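Colleague: All chains should be built: construct the whole structure from the sequences, respecting the hints.
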Amino acid sequence: MKFKPLIQKRLTVLIYDSGGSFVRLTLFSKKMMLVSAALAMAGIILVGLFMADYACLKYDQYQSRDLRKEIRGLNVALKEKNKQITSFDLKIQAIQLKLVKLSQLGQEIRSYTGIYNNLKNTGDYAVGGASYDVDNKKLFTEEYYQNFLENIDDNIKRLEEASGQQSEEFQILWETLKEIRAIQQVTPSLRPVDGGWISSKFGYRKSPFSGASEFHSGVDIATHSGAPVMATADGTVTFAGYKGALGNTVEINHGFGIVTRYGHMGKVRVKANKKIRRGAVIGKVGTSGRTTGAHLHYEIRLNDIPVNAEKYMSEYLAENNPS
Numbered sequence: 057m058k059f060k061p062l063i064q065k066r067l068t069v070l071i072y073d074s075g076g077s078f079v080r081l082t083l084f085s086k087k088m089m090l091v092s093a094a095l096a097m098a099g100i101i102l103v104g105l106f107m108a109d110y111a112c113l114k115y116d117q118y119q120s121r122d123l124r125k126e127i128r129g130l131n132v133a134l135k136e137k138n139k140q141i142t143s144f145d146l147k148i149q150a151i152q153l154k155l156v157k158l159s160q161l162g163q164e165i166r167s168y169t170g171i172y173n174n175l176k177n178t179g180d181y182a183v184g185g186a187s188y189d190v191d192n193k194k195l196f197t198e199e200y201y202q203n204f205l206e207n208i209d210d211n212i213k214r215l216e217e218a219s220g221q222q223s224e225e226f227q228i229l230w231e232t233l234k235e236i237r238a239i240q241q242v243t244p245s246l247r248p249v250d251g252g253w254i255s256s257k258f259g260y261r262k263s264p265f266s267g268a269s270e271f272h273s274g275v276d277i278a279t280h281s282g283a284p285v286m287a288t289a290d291g292t293v294t295f296a297g298y299k300g301a302l303g304n305t306v307e308i309n310h311g312f313g314i315v316t317r318y319g320h321m322g323k324v325r326v327k328a329n330k331k332i333r334r335g336a337v338i339g340k341v342g343t344s345g346r347t348t349g350a351h352l353h354y355e356i357r358l359n360d361i362p363v364n365a366e367k368y369m370s371e372y373l374a375e376n377n378p379s
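Numbering-wise, our numbering comes out as the position in the sequence shown, counting from 1, plus 56.
To be clear, the hints were calculated from the coordinates, so they are not data collected in a lab.
Remember, it's a predicted structure, so these values are computed and weren't measured experimentally.
One should not assume that every hint holds.
[To be verified] Below, in silico cross-link-like pairs of lysine-lysine (DSS-like), each with a Cα-Cα straight-line distance of 30 Å or less: (1) Lys125 - Lys137; (2) Lys157 - Lys213; (3) Lys114 - Lys125.
[To be verified] What follows is a set of in silico ranges between Cβ atoms, one per label pair, in the way DEER data are often shown: (4) Ser281 - Lys157: 54 to 62 Å; (5) Asn138 - Leu113: 31 to 39 Å; (6) Lys257 - Asn359: 17 to 25 Å.
Yeah, the Cβ is synthetic: ideal placement off N, Cα and C, and Gly gets one too.
Modeller: Here it is, written out as C-alpha cells:
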C-alpha cells in the first residue's frame, strides 16, 4: 500500500441524509490547514501583543494623569507659598517705610526741641530693601520652605522691634515737645506796652520818694497815659483791682509757678478768673497808686520770687537769641 505525503492529503467530509445517500465534500488540503493554523497562531500572537501594548498605553495614561494631578497640586502649593512670601515682603516694606518716616520725624523733633542726649540711637536699625534668593525647586522641600519662612519672620520681628523702640523714643520726644510748647505759651515773651522806655530797672535803686535804697521787684515802663497794656503770655487772671501802692493792678497766673503783675494802671479791663491769651489787652497805663507819673509797673514772679522782667521782653530776647 502506498501513502501520499501527509501534506498532500485533503480533508474529505461525507454528509449522509436519512435515506442513506451521502455527499462527498473535499474542503482543505493538509497544507492549507497547516498554513491556516499558522496564520491563526500568528493572529493570536498579534492580538496578544496589541492587547499588551494597549494595556501598557492605558497604564502610561493613568500614570500621566496622576503625574499631571501631582504637578497641578505642586503648582497650587507653589503659588500659595509665593503668596506668603509676597505678603511677608509687603509687611517688611511697610515697616521699613514706617521706620523711615519715624526717623525723619525724630530728626525734626530733635531739631525743634534741641534734644539730642539721653535717647537711644536707633541708627543701627536702618535696613535695606527686602531681597530673597528663592529657589523654586527647593521650595517643594518642606524643610527648606519652613527655614525660609523662619528667616523672613525673624527679619519682620527685628524690624518691628526697631519700630517699637523708635515709637517709644518719639513718644518721649513728643511729650517733651508738648511740655516745651506749653511752657513757651505761658512764658512771658512780650513787651507789655508798645513804645515808651524803661524808667526804673529791676533790683536795688534809690527811692524816688524817700531817697533811701530799696529793692524794686519789677521794671517801670514810662509812656503816655491811656496806652494799652497787654498780657505777655497765656494764663488766668487771679486778681484785678486796687492793690495799695501799686494802684489798679492785674495779676495773671501762667502756670509752672509763673505770675505776672501789672500796676499803676488807669483802667482795668479784665476780671478775676478770666482766661487770657498772649497779647490780649487787660487795661490802660495810668497813674493810680503811689507814682510820680504815667507808667506801668511790670513784674514777673517765679515761684513767688521776683525775677528781672526785662530779660523776658521781646527786644531783649531778640538781642540775646539772634537765631
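Colleague: All hints are to be evaluated individually against the structure, with a verdict given for each.
Modeller: Okay, the hints, checked on the actual structure:
Distance restraint check for lysine 125 and lysine 137: the Cα-Cα separation of roughly 18 Å lies within the 30 Å cut-off, and the hinted pair is therefore satisfied. Straight-line distance between C-alpha atoms of lysine 157 and lysine 213 comes to about 19 Å, which keeps the hinted pair within the 30 Å bound. Using a Cα cut-off of 30 Å, the hinted pair lysine 114 and lysine 125 holds, with the two alpha carbons roughly 16 Å apart. Checking the proposed 54 to 62 Å range against serine 281 and lysine 157 shows it holds: the Cβ atoms sit about 56 Å from each other.
Range check, asparagine 138 to leucine 113: Cβ separation about 36 Å, and the 31 to 39 Å hint holds. A C-beta distance of roughly 22 Å is found between lysine 257 and asparagine 359, which places it inside the suggested range of 17 to 25 Å.
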